[in-house]
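Chemist: Whole structure, please, built from the sequences with the hints as guidance.
Protein chains in written order, with my numbering: chain A, 7 to 318; chain B, 7 to 318; chain C, 7 to 318; chain D, 7 to 318.
Fair warning: there could be bad hints in the mix.
[Stated by the list, open to error] Calculated lysine-lysine pairs in the DSS-like style (CA-CA distance at most 25 Å, straight line):
1) B:Lys138 / A:Lys312
2) A:Lys235 / D:Lys58
3) A:Lys148 / B:Lys248
4) C:Lys132 / D:Lys58
5) D:Lys32 / D:Lys58
6) A:Lys138 / B:Lys58
7) A:Lys87 / A:Lys312
8) A:Lys236 / D:Lys64
9) D:Lys248 / C:Lys148
10) C:Lys64 / B:Lys234
11) B:Lys235 / C:Lys64
12) B:Lys123 / D:Lys125
13) D:Lys125 / D:Lys58
14) C:Lys52 / C:Lys132
15) B:Lys64 / C:Lys52
16) A:Lys58 / D:Lys236
17) B:Lys125 / D:Lys123
18) B:Lys32 / B:Lys125
19) C:Lys138 / D:Lys248
20) C:Lys132 / C:Lys148
21) A:Lys236 / D:Lys235
22) B:Lys313 / A:Lys148
23) A:Lys248 / B:Lys138
24) C:Lys236 / B:Lys58
25) D:Lys123 / A:Lys58
26) D:Lys87 / D:Lys32
27) D:Lys235 / D:Lys87
28) C:Lys148 / C:Lys138
29) A:Lys148 / A:Lys138
30) A:Lys132 / B:Lys51
31) C:Lys64 / C:Lys132
32) D:Lys138 / C:Lys312
FYI, nobody ran anything at the bench for these hints, they're computed from the structure.
Protein chains: 4
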Amino acid sequence: MSTVEVKPKKYSYVFSPYLEPEVRVKPGDTVILYTDDAFESRITKKEDLPSKALATAKFLNPQTGPIYIEGAEPGDTLAVKIVSIEPTRDFAVSCFINYFGGLTSTPFTRFLQDPLKEKTWIWMLKDGPDGKYFINDEIRVKVPWEPFVGTCAVAPDLEAISSLSPGPFGGNQDVPDVRPGNTIHLPVFNPGALFYTGDCHGHQGQGEVCGVALEITAKVTLVFNVIKKKSIAWPRILAPNKIMTIGSARPMEDAARIANVELCLWMEEEFGFTRWEAYELLTQVGGMYVGNMVDTTFSLVASIEKKYLTRS
Amino acid sequence: MSTVEVKPKKYSYVFSPYLEPEVRVKPGDTVILYTDDAFESRITKKEDLPSKALATAKFLNPQTGPIYIEGAEPGDTLAVKIVSIEPTRDFAVSCFINYFGGLTSTPFTRFLQDPLKEKTWIWMLKDGPDGKYFINDEIRVKVPWEPFVGTCAVAPDLEAISSLSPGPFGGNQDVPDVRPGNTIHLPVFNPGALFYTGDCHGHQGQGEVCGVALEITAKVTLVFNVIKKKSIAWPRILAPNKIMTIGSARPMEDAARIANVELCLWMEEEFGFTRWEAYELLTQVGGMYVGNMVDTTFSLVASIEKKYLTRS
Amino acid sequence: MSTVEVKPKKYSYVFSPYLEPEVRVKPGDTVILYTDDAFESRITKKEDLPSKALATAKFLNPQTGPIYIEGAEPGDTLAVKIVSIEPTRDFAVSCFINYFGGLTSTPFTRFLQDPLKEKTWIWMLKDGPDGKYFINDEIRVKVPWEPFVGTCAVAPDLEAISSLSPGPFGGNQDVPDVRPGNTIHLPVFNPGALFYTGDCHGHQGQGEVCGVALEITAKVTLVFNVIKKKSIAWPRILAPNKIMTIGSARPMEDAARIANVELCLWMEEEFGFTRWEAYELLTQVGGMYVGNMVDTTFSLVASIEKKYLTRS
Amino acid sequence: MSTVEVKPKKYSYVFSPYLEPEVRVKPGDTVILYTDDAFESRITKKEDLPSKALATAKFLNPQTGPIYIEGAEPGDTLAVKIVSIEPTRDFAVSCFINYFGGLTSTPFTRFLQDPLKEKTWIWMLKDGPDGKYFINDEIRVKVPWEPFVGTCAVAPDLEAISSLSPGPFGGNQDVPDVRPGNTIHLPVFNPGALFYTGDCHGHQGQGEVCGVALEITAKVTLVFNVIKKKSIAWPRILAPNKIMTIGSARPMEDAARIANVELCLWMEEEFGFTRWEAYELLTQVGGMYVGNMVDTTFSLVASIEKKYLTRS
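Modeler: Structure representation (structure tokens):
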């Protein structure tokens, strides 16, 4: 296995099957990627209000990729192990953007009201006795460095989808469990899978309520593997102590339904439960949290701890 | 302070301002309540299928109450400390009910499909070296005894609402954090608050996916307090390490929005943040999980850990 | 048959089974009711802004009733023929109310934005060569007098529901086809049915977009009939040339689903189609419009013209 | 002006900016297009059940296009006048497809229930004294020939979107008012606009409830015009007697909100009303119906009759 470093020549703003791969890698290779933040580093200080700083940005959320993974074919599953995420600057950016976020009307949930007042928050990344943390000079609360990948995707089948969107292909899910130590499974629709990633967050609450987490530039280390002839419908996460499924849809209950059905089916396929035992067991011990309530569709995460997957 | 025991003479199937109180208690009294399960104990073995066992039940989810709390007036807040929940039988009931649950069409999300096959699951409550646990003879996975109150409510203002419904008055929220050690705040709409409770669960996953948790009969010990002249819009939970708000609505995103707005406002009122600092901080560190995705409205829980409520 | 006139002694703000009937009538009686407007006539000129004029109103949408219809028993259907609606003043009121309406955030779809600017619109009712019409001095567009009943309901089963809510019991549906010449069918849950009505509108678009139609006080003439042993789940409308069903729910698609399922079942029960023929035929020729997109639940109307109900 | 005939060499299953134009036309040209049905003519008799007949179809809803309209540039509006739709075969197809439709669970609203029983309906197109009509041998109800274009779109900006989806670019809206005599306005995102069309329906009810209308192959005659420097956000329809806007979103209320906001803004821009007068006037006289309740997003149509657009 070799180590491959990807410094993107240009970014993509769609998860697209129509782009030439940035690089080709083999399963098992250590792949080091550099990602820009969701604003392509246009906002760096609190005076940079989004309406001005982003005025020249036709598209947001730049993606590094596509990466062609040798041997991946439609009908396979791509396993993406997230080895590490390292910061490449000493601050994170968050902001309130006009008509974007969870507690404001948006182009999707559209009203005639004025927007909230925009504002940019700079969070400095510092070292402390308990590890790295973020702090903002107004809020003055320490937020630990717990980075994850906001956006990771394969190219869809025939479609090219905005990098602002989550979906069956993964995408802009903003799910904090897509983090170092965990492995993400994505369905493969195209030869080589055509993987994209970006939008790393230094920390994020469930829901990403204002729509903009602690946005960072990052160096991400991944290892890909291909599970041949295994077809999945929606992204899955394998953590050391639990398994998770992600559903992305509107309204939010549709996302919750997708995630739970997928988890029932997974428990049936691989863990020796009937579908109905899975439905019953999830009722009693399943987890379900909101990943994002702000993107083009909402992402919900259903989970079960591994300790409940073994019968006595 | 005295201890008051409430063995209900009859149950209520609505949260109603039109019923005579079962009992009058004083703030600070230790109140011991007995609650039946959601099926009024009509299902006790796995042969008891809901379509037959519940055929004679015009209403479900019997409530103990109302309890009149001396001194509570409209515009106050009722604080309900949950001291303990003890089982009063050695098993819990769960079941699949026709056209009820999170992964089936229902009278609300109504389709022309046949129902799922109904089934009753009996979970025995046993003692183990690590404490009490439930086990079902088919699923054979140990589920720890972690009881909570599925339904607690005050009487609404002028309305009488089905005990199957959650709302601003509390009600059938099915939120696992309504549990011993925590305190629930409810708005008071009527003199005496008129508190109802029932529907205890021995354990439940987030979402209560099939719609029926580990339903138990229970002895519940509560202490009420009245916070005078404090008006809240939706239920709140105070835990030792975090504060939580509950929003109940359809679609689910509306519940998420309510819970988050309420938490922002709470942080503004009591914890020294501006509304906008709260919005920003919740984005980075807030929690949000699904309490129920099966009731007449869905209940979502927004939270923030207390460690994030103190500025450095 | 006799004629009964109902001048309400006091109004109800809930559809409730707990109130004494205003009057008892027989099927076939001509019943003349007087209804106030949704604001109980607190707004009468454009200077009356809602935030002030309604400040003293604890509840809105006053209902005339309940009316006890002799012979109506639970499990029957109440047929309400709307004979006529006559204006009892020479103007209608509409207004923009803070955080109420279809194009603003609300307590249900709750955001942190400021409200739209409130405003009151007075529409004068005038006689013209083509009949009565409304006109507002700013908008200056003639709107024809086409009155209907915004709110008509029976008392629910055990519940008392706010007069602002639509539901299976009818209620605040704001459906323009509840108008003179048509007959409304409502399920009966209580002895005597306990009918309520109010909230007449001089005209209204589909959706009632700002939430406040041309609100009028009115004299409403109705004739009740009881269809014995016929049980329906949701309100139905019989017009000379079509039949309609109303579903009220959130999200709006749930209302659309309910209305369409109910119409399929109606076509199966009474018009000689199989359920699947009805599903197919509605796909090709059914109507579906939005009654209200502003109330506690949204009301959608599914319909089919009678000419399509006869096979060749 | 010349006449251009387009017999597609191959179909597209995405609205894509990445395809070479089938043909280039000038504004004002008469463009005659041939369209296949949504199933690419794989279903032609009632024995052709979708699960078999469509088993080989990786993609559905074939589109004719893209058509490059000379002079259209990003920021312009494309006006598509629908001159006529003529049938090119003597029958239409409808069917019940597993997990597709308005009264069944789907991959979006996903439950564990079995699908409805699939079925294919053939509707013969016949001539009668009152014009062409469809009739099915089981249902035996005459449905008049009132054809429209189910799908018409421009290529989106950077994205390639499935031909099963509606959106700001138009697409699979299934709105019956996209019919001969009316003109559709679409925003232009790419040079030449890159227009696609297909999925003609011989008749359809509002909502397209089972998901499959009277699907026909057709010869469609269009005339394009380009409105320079006019930017619109969502599709608009101009009919002889009314103007309409289409919003497509989930949940359905978001589609209703979009359509109404767009109509308010249109009335403000072009008809001399303030935004608030428009909001008020639409409340009293606007129309709002459901175009589709079955596609990837739901399409709702807001409208106002032209007679209400002139002040007295």
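Chemist: Evaluate each hint against the coordinates.
Modeler: Tested hints:
At roughly 20 Å between alpha-carbon atoms, Lys138 (chain B) and Lys312 (chain A) fall within 25 Å of each other, so this suggested pair holds. Distance restraint check for Lys235 (chain A) and Lys58 (chain D): the Cα-Cα separation of roughly 23 Å lies within the 25 Å cut-off, and the hinted pair is therefore satisfied. A C-alpha spacing of about 16 Å is found between Lys148 (chain A) and Lys248 (chain B), which places the hinted pair at or below 25 Å, so the restraint holds. Our distance criterion of 25 Å between C-alpha atoms is broken by Lys132 (chain C) and Lys58 (chain D), whose separation comes to about 63 Å.
The straight-line distance between the Cα atoms of Lys32 (chain D) and Lys58 (chain D) is roughly 42 Å, outside the 25 Å bound, and the hint therefore fails. For the proposed pair Lys138 (chain A) and Lys58 (chain B), the alpha carbon gap of about 60 Å is over 25 Å, so the pair is violated. With a CA separation close to 18 Å, the supplied pair Lys87 (chain A) and Lys312 (chain A) stays within the 25 Å bound. Distance check on the hinted pair: Lys236 (chain A) and Lys64 (chain D) sit about 19 Å apart at the alpha-carbon level, within 25 Å; holds.
Using a Cα cut-off of 25 Å, the hinted pair Lys248 (chain D) and Lys148 (chain C) holds, with the two alpha carbons roughly 16 Å apart. A hinted pair counts as satisfied when its Cα atoms are at most 25 Å apart, and Lys64 (chain C) with Lys234 (chain B) qualifies at roughly 21 Å. For the given pair, Lys235 (chain B) sits about 18 Å from Lys64 (chain C) by alpha-carbon distance, which is consistent with the 25 Å threshold. Between Lys123 (chain B) and Lys125 (chain D) the CA atoms are separated by roughly 24 Å; this keeps the pair inside 25 Å, and the hint holds.
For the hint linking Lys125 (chain D) to Lys58 (chain D), the alpha-carbon distance of about 11 Å falls within 25 Å, and the restraint holds. Among the hinted pairs, Lys52 (chain C) with Lys132 (chain C) is consistent with the structure: their alpha-carbon atoms are about 18 Å apart, no more than 25 Å. Simply put, Lys64 (chain B) and Lys52 (chain C) have alpha-carbon atoms about 49 Å apart, too far for the 25 Å limit, and the pair is violated. A distance of roughly 24 Å separates the Cα atoms of Lys58 (chain A) and Lys236 (chain D); the hinted pair therefore holds under the 25 Å criterion.
For the hint linking Lys125 (chain B) to Lys123 (chain D), the alpha-carbon distance of about 24 Å falls within 25 Å, and the restraint holds. This hinted pair does not check out: Lys32 (chain B) and Lys125 (chain B) have alpha carbons roughly 43 Å apart, beyond 25 Å. Between Lys138 (chain C) and Lys248 (chain D), the direct Cα distance comes to roughly 23 Å. Compliance with the 25 Å bound is thereby established for this hinted pair. Of the supplied pair hints, the one linking Lys132 (chain C) and Lys148 (chain C) holds, its CA atoms being roughly 10 Å apart against a limit of 25 Å.
Taking the CA atoms of Lys236 (chain A) and Lys235 (chain D), the gap is about 50 Å. The hint is violated against a cut of 25 Å. Pair hint Lys313 (chain B) plus Lys148 (chain A) holds up; C-alpha atoms about 9 Å apart against a cutoff of 25 Å. Our distance criterion of 25 Å between C-alpha atoms is met by Lys248 (chain A) and Lys138 (chain B), whose separation comes to about 23 Å. The hinted pair formed by Lys236 (chain C) and Lys58 (chain B) meets the criterion: a straight-line CA distance of about 24 Å does not exceed 25 Å.
Pair hint Lys123 (chain D) plus Lys58 (chain A) does not hold up; C-alpha atoms about 56 Å apart against a cutoff of 25 Å. Under the criterion of a C-alpha separation no larger than 25 Å, the hint pairing Lys87 (chain D) with Lys32 (chain D) is consistent with the structure, at around 14 Å. Between Lys235 (chain D) and Lys87 (chain D) the alpha-carbon distance is near 19 Å, which keeps this suggested pair within the 25 Å criterion. With a CA separation close to 10 Å, the supplied pair Lys148 (chain C) and Lys138 (chain C) stays within the 25 Å bound.
With a C-alpha separation of about 10 Å, the suggested pair Lys148 (chain A) and Lys138 (chain A) falls inside the 25 Å cut-off, and the hint holds. Proposed proximity of Lys132 (chain A) and Lys51 (chain B) is contradicted: the alpha carbons are some 59 Å apart, above 25 Å. The straight-line distance between the Cα atoms of Lys64 (chain C) and Lys132 (chain C) is roughly 33 Å, outside the 25 Å bound, and the hint therefore fails. The suggested pairing of Lys138 (chain D) with Lys312 (chain C) holds, with an alpha-carbon distance near 20 Å, which does not exceed 25 Å.
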